[in-house]
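*Asks:* The residues making up each chain are set out below.
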Amino acid sequence: MSEISKKAYLVPNAVAPGQTVTIDPDKCIGCNACTKKCRMQTIMPNPEKGKPPVVIYPDECWFCGLCVESCPKGAIALHYPINQRLFFKRKTTGEVFRIDGPDAPPQSYFEPPIG
Amino acid sequence: MTSDLNYGSVPPEWPFEIRYGHENRVETDVLVIGAGVAGSMAGLIAARRGVRVAVVDKAPIDVSGSGGAGLDHYGGCISNPDCAVTPEEYMELAKNGPFPADHRMYINIKGAWDNLLELERLGLKFRDEDDEFAGAPFRDDKTKILYAYDYKTKDTIRLRGGHHIKKIMRQALAKEENVTLFERVMITRLLTEGGRPGTRVIGATGLHEETGEFYVFSAKAVIICTAGVSMQGTSTWTFNSEMFANGYRSDPRNTGDGIAMAWEAGAEMNSEHQFGQALNVGPFGWPWYGIGNPDNTWHGCTIVDNKGKEVPWVDGLDQPISTLEERWLPGKGQVYMGYMRPIPYFDPKLIESGEYELPFWADLSSLPEHERRGIWGLMVGNEGRTRFAIYDYYNKAGFNPETDMLQCPVMTPESFTYRRKDWFQGEPNMARFWKADTLAGMSTDWNQMTNVPGLFAAGSESNQGGAAAGSSGAYAGNRAAEYAMETPRVPLDEAQIAAEKERVYAPVRRMGDRDARISWKELWMGLNRVMQQDCGEFRTEATLRHGLMWLQSIREKEMQMTFARNPHELARVLEVESRYTVGEIYLHLGLANYEREKMGVPEDKMMYTKLINGRRVLTFKDREWWLKPPYAPTYLENYMKSRDKELQGRRV
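These protein sequence lines are chains B and H, in that order.
For the first sequence, this note's numbering assigns the number 1 to the initial residue and increments by one for each residue that follows.
For the second sequence, this note's numbering assigns the number 1 to the initial residue and increments by one for each residue that follows.
There may be inaccurate statements among the hints.
As the list claims (entries may be wrong) - Below, a sample of chain H positions facing chain B; criterion: calculated Cβ distance under 10 Å:
#1 K58
#2 S64
#3 G65
#4 N96
#5 P100
#6 N306
#7 V380
#8 R387
#9 D392
#10 P401
#11 G600
#12 P602
#13 S642
#14 E646
#15 L647
Claimed, not checked - Derived lysine to any residue pairs resembling SDA-like cross-links, with alpha carbons at most 25 Å apart:
#16 K396(H) with R98(B)
#17 K91(B) with T403(H)
#18 K27(B) with K7(B)
#19 K396(H) with K7(B)
#20 K91(B) with A101(H)
#21 K307(H) with K49(B)
#22 K49(B) with P60(H)
#23 K621(H) with M640(H)
#24 K89(B) with D318(H)
#25 K7(B) with V10(H)
#26 K307(H) with D103(B)
#27 K421(H) with K91(B)
#28 K175(H) with S70(B)
#29 K307(H) with S70(B)
#30 K421(H) with K36(B)
#31 K91(B) with K307(H)
#32 K27(B) with M640(H)
#33 K49(B) with K421(H)
#34 K49(B) with M640(H)
#35 K396(H) with K49(B)
#36 K36(B) with K307(H)
Hints listed in this document are in silico derivations from the structure and should not be mistaken for laboratory results.
C-beta: ideal position from N, C-alpha, C; glycine also.
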């Protein structure tokens, strides 16, 4: 953990969920393709050209995932709010995992969707 | 969040040039409002008749509408050559179904197969060309069509690649030379002859949600394809200011704009079929189709309790069935399955006694490969909004349909026994006051035209949703084009435009006003409170009147204090203003029912309600008026007569 900053700001409360969509700044090329697919304007172009788009209205995200689809660099990930992450059970072992939980197993199913 | 741009810095500037008030005038023959599956097809087909078409959507058209994130099946594809029932037989059977069996349903199912073939020509590869499902019981090996739910009747076709349906439609529209596309433009009001309600609709105004520019459209015919509020009914009663979208099945931009503007233009609403309960629990549900619902998208999936005990199945008539195959066949004595599909029978007593240990689990892994891939790869892979939010997301989170079972939500015991209700996304296990009425939408005739001349409707706006929306869109596109060919243009009423411009920009004009402290979210919550109190589970004539008074009071005070700091917030405020009108429609329709009672109108009359100059006007028509004079006595005759000019190939 980095050193605790001595600076604090008067900022409005964060919305929840705060990170319905995240953009990996190391992968993003600032092409804004995702902003052109967002019906909610959850993702908007960065006023600074070439910089990653701004996830400005995460509270309105519909999770349509079309930003994920549009990204040529695979830089975008969706994140369910806590109240929508339920469980799955591995039949062979009886293990129970939660979607995005602490012990989630690695991906083992790689079939693409049909069509 | 700490890495966010706005932490301890000035907010980023709006990324587009602001042009509030700048006016664009557009002249067209046919104006299509809302370019989802219905509107896109309406625009395309109208343009092919040789008229100029403006297609407007408040979102980008390749993703807009409820089908913009995919469509996994074409329900009600009755006119496909292998369907075991004819459209005429279906109309009889549908009388007991959940949707109004009227001329609109006939238009939809009759044109369904042609519409699907049109989509195929445009590029939708819905057949199993790769033979991935060769030998599966839901596949026709000759046509390579994949059916869903009822493998005997074959009334529903799985849309392999249905995820791409809107991209395909957008491409087709862009290629059509008579079509001009307006994206991110939100229509705010219909313009009428002389600016009065009940006269001919001759155009509309709009707002660009990136630049804030103003649009004025002059048109000879207008088609509304904005999906009504039937799918979003609950948002009139409930709204969680955050986290509101993931629980919604339909497009969250479906805010009732179309219904509201049609009502204000004097269109009649049909209060005949209020389904009583929305299939939609709004912001409180689980992600749609991500909970193993065995009565719909996960149809046929084996369900076990927490100890692994399998839940037995019953057919569509609630008779026990024992084989896997019967889950996809009509029950004994059932002509076709329709919405009375086989389901697992969860005896509520066994849940209460603990004999079934909660939670239940949906076990895809126990199904044969073709059914598992049919559900997980084909349906969930293409269903609205699920390719990424469920299929891709769950796979990445480690879920494996070959080895894992997915948890089903805990619901009240009786909720497990319902068909096509709480199972859709998991009823939250608590009070349910948000389960609201749904509106049947505006009334249309055999030309899909409303009582307001020049105003047409298609798609779920007129109860014709899903993939089938394209069928009603094509039909309405043809009729609107014909109307535009025969009808002269009427000059717009400048006073009406000026008044609307004033209303549209009022929330941004208020910036800096110290009393402008109401956000669009608070305004929305105000509506919810009124509807919960005065139009809730228990309501009386007096509460409905009280509700109208309450909404009017908010309109005069808090709505005049609502601010918008950029075009996004401005569009949201205007959407919430539409929601207020929708709330008023519910209240008026409720009051109309009391009026009807007092007037002693016989039960066999259908009622249509409109508002003209603030006064409710009720119209009563005979049941099945669409098969009575001046119309012909059969569905087919009327259908062919309405399409007469189209089939003659007449062009301007």
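*Asks:* Output the indices of the hints that this structure fails to meet, ascending.
*Replies:* Numbers 4, 5, 11, 12, 13, 14, 15, 18, 19, 20, 21, 24, 27, 29, 30, 32, 33, 34, 35, 36, in rising order.
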